[in-house]
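S.K.: As a plain string of letters, each chain reads:
2 protein chains.
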Amino acid sequence: MASHKLLVTPPKALLKPLSIPNQLLLGPGPSNLPPRIMAAGGLQMIGSMSKDMYQIMDEIKEGIQYVFQTRNPLTLVISGSGHCALEAALVNVLEPGDSFLVGANGIWGQRAVDIGERIGARVHPMTKDPGGHYTLQEVEEGLAQHKPVLLFLTHGESSTGVLQPLDGFGELCHRYKCLLLVDSVASLGGTPLYMDRQGIDILYSGSQKALNAPPGTSLISFSDKAKKKMYSRKTKPFSFYLDIKWLANFWGCDDQPRMYHHTIPVISLYSLRESLALIAEQGLENSWRQHREAAAYLHGRLQALGLQLFVKDPVLRIGLLGCNATRENVDRVTEALRAALQHCPKKKL
Amino acid sequence: MASHKLLVTPPKALLKPLSIPNQLLLGPGPSNLPPRIMAAGGLQMIGSMSKDMYQIMDEIKEGIQYVFQTRNPLTLVISGSGHCALEAALVNVLEPGDSFLVGANGIWGQRAVDIGERIGARVHPMTKDPGGHYTLQEVEEGLAQHKPVLLFLTHGESSTGVLQPLDGFGELCHRYKCLLLVDSVASLGGTPLYMDRQGIDILYSGSQKALNAPPGTSLISFSDKAKKKMYSRKTKPFSFYLDIKWLANFWGCDDQPRMYHHTIPVISLYSLRESLALIAEQGLENSWRQHREAAAYLHGRLQALGLQLFVKDPVLRIGLLGCNATRENVDRVTEALRAALQHCPKKKL
Ligand SMILES: Cc1ncc(COP(=O)(O)O)c(C=O)c1O
Ligand SMILES: Cc1ncc(COP(=O)(O)O)c(C=O)c1O
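Taken in order, these protein sequences are the chains called A and W. Numbering-wise (this note's numbering), the first sequence opens with residue 1476 and increments by one. Numbering-wise (this note's numbering), the second sequence opens with residue 1476 and increments by one.
Just chain A, same shape as in the assembly (with noise of 0.2 Å):
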């Protein structure tokens, strides 16, 4: 085409440096990054099938066989956020018409149902109201009931704060011939989890939490039974772009050679692999004991304040997560709250 004059001129805002303040990140979102992984985040591109990117790869894949404890090989990283992974989830193991029973007691249970209803699964939420947790004699009722092929749980509640125990659950699901899917967006590397001896059979999470990367990447891992039902369906998914069978062709977890896919977000990819070598030098078990220690302290303090929790149990507390789980933070928190508490009209706390 000819060329023409631009119809559209250079925005003023963009010809103004990037300025970025600093947060301190207490809420149930993303958190800080520590230097580490900032510094990853920094590096310079190198080809996404290169054979240096396929090193990286291969030990991310290891990291979250690590974090999840499990030997699944069908463990990969899924190119977008958590919300991703449970879509790619949900459209790889469910074809239209599949039962599909859902733990609904907070926002990601609702999410679930809206996308096992979108790619047409009957959906069977378990409605709960929030800041409750499920027994195995509730999970046990819905799977004589409806028969589903899969079910939801979320281990940590993020919008309620509550930690669904998990011991059982598997064991339960495959009586009835169930597949157990877990969201560990907010508990992954906060509290025990064991993907293998617990029976999960697919497990995701995201980067941003208690594992301290940047948002946009997130893990997933399927058992051997989720990747027959998902290899033997007679439908192709939806989705091109989360379709398991290219990725886990692209992420080496066939025998095939890697063919071309999507471009994997390489630099994302530098900083998740940091943040997973991070948690492999410091120990599971400790940045477990690191999140139970600022937690527990946290309730203390809470109480201290007249405050109330709002869940039976004292649980895990989502807003402090990875490098963020210290006693400076939850001092920093707590003094904020009661200054803040001084402010409001006398009630009984």
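Keep in mind that the hints were calculated from the coordinates and are not lab data. Heads up, some of the hints might be wrong.
Pairwise CB distance ranges (calculated) [as the list claims (entries may be wrong)]:
hint, chain 1, residue 1, chain 2, residue 2, range
1, A, T1710, W, S1707, 24 to 30 Å
2, W, L1812, A, L1481, 32 to 38 Å
3, W, Y1735, A, E1616, 27 to 33 Å
Glycine is no exception: its CB is placed at the ideal position from the N, C-alpha and C atoms.
Dock chain W with the ligands against the given chain A, drawing on the hints supplied.
M.R.: Chain W with the ligands alone, transformed into the frame defined by chain A:
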């Protein structure tokens, strides 16, 4: 759960430091990062729903409007690679049963066919040997025959090096009540493209080519016509992660308060913001000129080596992208090629 001995121990490879080799990236994949973009990747996190983040998102939107040459309010970033943007376009615009016409003269058209079929569209590929582009007449025949709601064309076909002319195609499509979707992943910033003037209804591109940002995010914009089609659909799109109504809200493209949808890739967005700032500073026309000149220089050097170009007309060389589009790089490539050719058995070159 009671604490258990870990089944999987910390992987040895993760206990070694990350080391990233120097690679000059002159393939059709991602390109190298200029220092300013690398620096952005090394910055600290801020809240993904903070005022500061919304400001950066707004600046990015303006940057996209500039490089796309569009005034579309529905302009935003997809939290995934180029394929994810293609999927976002198709999953939102097409409903099952819709007729979809595809320019399939290389891999990208084939991918559009694949995704279109997954979501139940009636897909009509206009197959063509690699190395050619579509004429207005060919497209008009397809429009008349298949009455599609959407036509897909690849602007810069990076698997073959073909540049698809775009003048007149928007108008033609609109006469047939069809929307025009264009892939500019490999061409954006490298050759003239005027979304509004050329009547393109949906345009997407990647971060990792001429923009020189890391891979993992993609740019997309929708005309009012495209918006109308998406907002009046009868079924929900199969994807929640890519549902345009949610994304439009979170990117501030409607007048509702922003609601949490998924966690956006904060650090990748810093880098993208800087890549758009660099091109705003340089000026879009200067970026086009730089690529044109580097391409002409390359073609000259290749012909001097006795090599014939695969395609009939000299086109944009997609391996010289953004900051890599320099004479020095052309010299390095052609020198390496010359050396390699000396080892080939003599054929008629
Ligand atoms: C428990 C849980 N699941 C899922 C998500 C969704 O992850 P993302 O926002 O990365 O899409 C979150 C995010 O906060 C979460 O806390
Ligand atoms: C023209 C074109 N379209 C689409 C893509 C796909 O983008 P991604 O690999 O980021 O998914 C590419 C990537 O090389 C491309 O060159």
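S.K.: Quick check: does the Cβ-Cβ distance between T1710 (chain A) and S1707 (chain W) fall within 24 to 30 Å?
M.R.: holds (27 Å)
S.K.: Does the hinted range 32 to 38 Å hold for L1812 (chain W) and L1481 (chain A) at CB?
M.R.: Given a distance of about 36 Å, which is inside 32 to 38 Å, the answer is holds.
S.K.: Y1735 (chain W) and E1616 (chain A), beta-carbon distance inside 27 to 33 Å?
M.R.: Cβ of Y1735 (chain W) to Cβ of E1616 (chain A): about 32 Å, so the range 27 to 33 Å holds.
Going down the numbered hints, you'll see the structure goes against none, and every one checks out.
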